[in-house]
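*Asks:* Those protein sequence lines, which keep their order, are chains A and B.
Just so you know, the first sequence maps onto residues 1 to 280 in the numbering used here.
Just so you know, the second sequence maps onto residues 1001 to 1308 in the numbering used here.
Note that these hints are calculated values from the structure, not bench results.
Since the structure is predicted, the reported quantities are computational estimates derived from the model, not experimental observations.
One or more hints might be untrue.
Unchecked claim - Which residues of chain B face chain A? A partial, calculated answer using Cβ under 10 Å:
id	residue
1	Leu-1078
2	Ala-1210
3	Asp-1212
4	Pro-1265
5	Ile-1269
6	Ile-1272
To be verified - Just the calculated beta-carbon pair ranges, DEER-fashion:
id	chain 1	residue 1	chain 2	residue 2	range
7	B	Thr-1072	A	Val-265	47 to 53 Å
8	B	Ser-1069	A	Val-131	49 to 55 Å
9	A	Ala-35	B	Gly-1160	32 to 38 Å
10	A	Val-135	B	Gly-1134	32 to 38 Å
11	A	Arg-174	B	Gly-1160	23 to 29 Å
12	A	Leu-269	B	Asp-1115	32 to 38 Å
13	B	Gly-1160	A	Arg-18	24 to 30 Å
14	B	Ser-1159	A	Thr-193	32 to 38 Å
15	A	Ala-35	B	Lys-1127	32 to 38 Å
16	B	Pro-1163	A	Ala-261	55 to 61 Å
17	A	Gly-151	B	Thr-1120	47 to 53 Å
18	B	Gly-1134	A	Ala-35	31 to 37 Å
19	A	Ala-261	B	Arg-1207	33 to 39 Å
20	B	Asp-1115	A	Val-131	55 to 61 Å
Idealized CB from N, CA, C, for every residue including glycine.
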Amino acid sequence: MTKRWLEVARKDFQYARRSNVFLVLVGIFTFLTMAIFILPGVLTVAFGDSLPADATTEWQLFQASATAGATVIPITALIAAYLSIAGERQSGRIRVLLSLPPSRQDVVIGKFVSRSVLMSIAIGVAYLVAVVVSVAFYRDLPLVTLFWTVGLSCLMATSFVGLAVGISAATRSRMQALALVLFIFVVTVVLWTPLLGAISGLVAFGLDSQPDGLIAFLDVFPPSSTFGALYDSLVGALVGPATESDAFYRSDPVLFVLLVAWAVVPVALGYVVFERVDLT
Amino acid sequence: MAAIQASGLTKRFGNLYAVDGVDLIVEEGEVFGFLGPNGAGKSTTINILLDFVRPTSGSVSVFGLDAQSETTAIRERLGVLPEGYDLYERLTGREHVELALDLKDADEDPDALVDRVGLTPSDARRKAGEYSHGMGQRLALAMALAGDPDLLILAEPTSGLDPNGARELREIVREHAQQSKTVFFSSHILEQVEAVCDRVAILYQGRVVAQDTIDGLRKELGSGERITLTVNRVPEGIAEKLGTLQGVASVGTEPGFVYVSCTDPTVKIDVIDDVRNAGAKIVDINTSKASLEELFAAYTGQGEEVVV
């Protein structure tokens, strides 16, 4: 007998795959990687310069794609997953699923896995473009850079899917879930760094000293920032001096665990709420 | 072991007791009708049974398994046509049945199930988003039947079905019962229940007001038979006169007809004699057993609100 959550994930995947949301995701990501990987080469050649076909240029393209991903992936992952449970609950589809053997836990885990895989496939497809461009223009495939770029992007996507599924499990309507994921996006991706900058500025002004460890940690706390720091540290080290921080709380393993925790903890908390509610 | 056993089942929403101390026993192999007007607590009871809703107090078990803690083990033996469900509009009918079969770990032929509920192979290839309500209801029934469940729970199964569909549903219920499997059937449509159920429970304002066979309920209420006399004219004061007879429960008249409900079948002759002695000529006599509807009205005291 296959695991029931796996069966739920397979069915959810089969269903979500047919949604326009998935096609839009693949479209957005592919458009971005195409723009980032193809345009600079085309422009350089158009202006008659020879292509600087070195590893650094190529790395810069990957880094640019990761930077774009740090904004685009969070919002798309949240949108791709925020209805996974709240939507089914509001429509009554959850009754069909929960009348069958899967438990509420199977449903939460299955949805989380399915939507994470969906995001990862969209990201993977988009980076196929990068692979083609790398091989065609630069006659080289930087496997390690590619591995970390795609791997970390998928991990960040999974973190935001986790947040969205957790929220979806804990709310009773589409509107509530939407409001909460948008709030999360604005706080963690848009406002976090400026707010923290303002706060640390005030703290530094008041204390007349460098920002302390807590602020340095908070700086990388949201999943997109964790992703950025981890990316700089792992991929940046391939072409330049290592940027891994001396501080323990900003070391690679801690950042990695933090990113995984962002995926798992919200799902677990959402499940705890979902397990207790009356599904009327 | 009972298929379903509820004891002291209570669910309070705020100040409202949706279900108030329900005791219920459904034996294995019977077709059990769960009756009551809308809002009586039928849905809440079933929701507790399916662990959609947690009881405030009391408990319910299915095949001896606790409905709150052994949900997966229960649902492996259950087929459910839930109330207020929705289908996956982007999946085809066949894919829905496959979903149910896969999740139940059953290896039946999905096409056979589709056929059994009266959907055509071309219906099964269409996406459920294009289905009418009646087709959706048939599809949901096919999903409930997947895996040949020991207990079939059908919540308001005839809603959206045309008379033909309702008849086919009764066939399916009978077939299921013939394999000594259990069917639990909730409805506010009485004739559906009367036609297939071995026993019924009547729920009213969150409480079970009666639980018996339909014949048993008739006996207990004493509303044994109903006579309709077709007369050339209705004699003056005949209703009052018949009303005084021992064993007559109620009398009604309209031009050309006299209706009498009696608790004692032997009183029929006296009724006929009295009508003739009062000077009327009896053209025709019709007797019928009290319908479940009348029983229902007697138990809930609000028969007029019941949809038939």
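*Asks:* A separate judgement is required for each hint: does it hold in the structure or not?
*Replies:* Each hint tested on the structure:
1. Look at Leu-1078 (chain B): its Cβ gets to within about 7 Å of chain A, closer than 10 Å, so that hint holds up.
2. Annotation: interface hint on Ala-1210 (chain B) violated; nearest CB of chain A at approximately 26 Å, more than 10 Å.
3. Because the smallest distance between the Cβ of Asp-1212 (chain B) and any Cβ of chain A comes to about 29 Å, over 10 Å, the interface hint for this residue is violated.
4. Nearest Cβ of chain A to the Cβ of Pro-1265 (chain B): about 45 Å, over the 10 Å cut. The hint is violated.
5. The interface hint given for Ile-1269 (chain B) is broken, as the beta carbon of that residue sits about 54 Å from the closest beta carbon of chain A, more than 10 Å.
6. Annotation: Ile-1272 (chain B) was flagged as interfacial toward chain A, and the flag is violated, the nearest CB pair being 54 Å apart, outside 10 Å.
7. For the pair Thr-1072 (chain B) and Val-265 (chain A), the beta carbons lie near 25 Å from each other, so the given range of 47 to 53 Å is not met.
8. Between Ser-1069 (chain B) and Val-131 (chain A) the beta carbons are some 51 Å apart, a value that agrees with the proposed interval 49 to 55 Å.
9. Between Ala-35 (chain A) and Gly-1160 (chain B) the beta carbon distance is about 50 Å. The supplied range of 32 to 38 Å is therefore violated.
10. At about 56 Å, the beta-carbon gap between Val-135 (chain A) and Gly-1134 (chain B) misses the expected band of 32 to 38 Å.
11. For the pair Arg-174 (chain A) and Gly-1160 (chain B), the beta carbons lie near 25 Å from each other, so the given range of 23 to 29 Å is met.
12. Between Leu-269 (chain A) and Asp-1115 (chain B) the C-beta distance comes to about 45 Å, which lies outside the given range of 32 to 38 Å.
13. Between Gly-1160 (chain B) and Arg-18 (chain A) the C-beta distance comes to about 25 Å, which sits within the given range of 24 to 30 Å.
14. In this structure the hint that Ser-1159 (chain B) and Thr-193 (chain A) lie 32 to 38 Å apart at CB is violated, the actual value being about 55 Å.
15. Between Ala-35 (chain A) and Lys-1127 (chain B), the C-beta spacing of about 35 Å keeps the proposed range 32 to 38 Å intact.
16. Between Pro-1163 (chain B) and Ala-261 (chain A) the beta carbon distance is about 58 Å. The supplied range of 55 to 61 Å therefore holds.
17. Between Gly-151 (chain A) and Thr-1120 (chain B) the beta carbons are some 48 Å apart, a value that agrees with the proposed interval 47 to 53 Å.
18. Checked against the hint of 31 to 37 Å, the pair Gly-1134 (chain B) and Ala-35 (chain A) fails, with Cβ atoms roughly 50 Å apart.
19. Take Ala-261 (chain A) and Arg-1207 (chain B): their Cβ atoms lie about 50 Å apart, and the range 33 to 39 Å is violated.
20. A hinted range of 55 to 61 Å for the beta carbons of Asp-1115 (chain B) and Val-131 (chain A) is inconsistent with their spacing of about 48 Å.
Hints 2, 3, 4, 5, 6, 7, 9, 10, 12, 14, 18, 19 and 20 from the list above are not met by this structure, while the remaining hints are.
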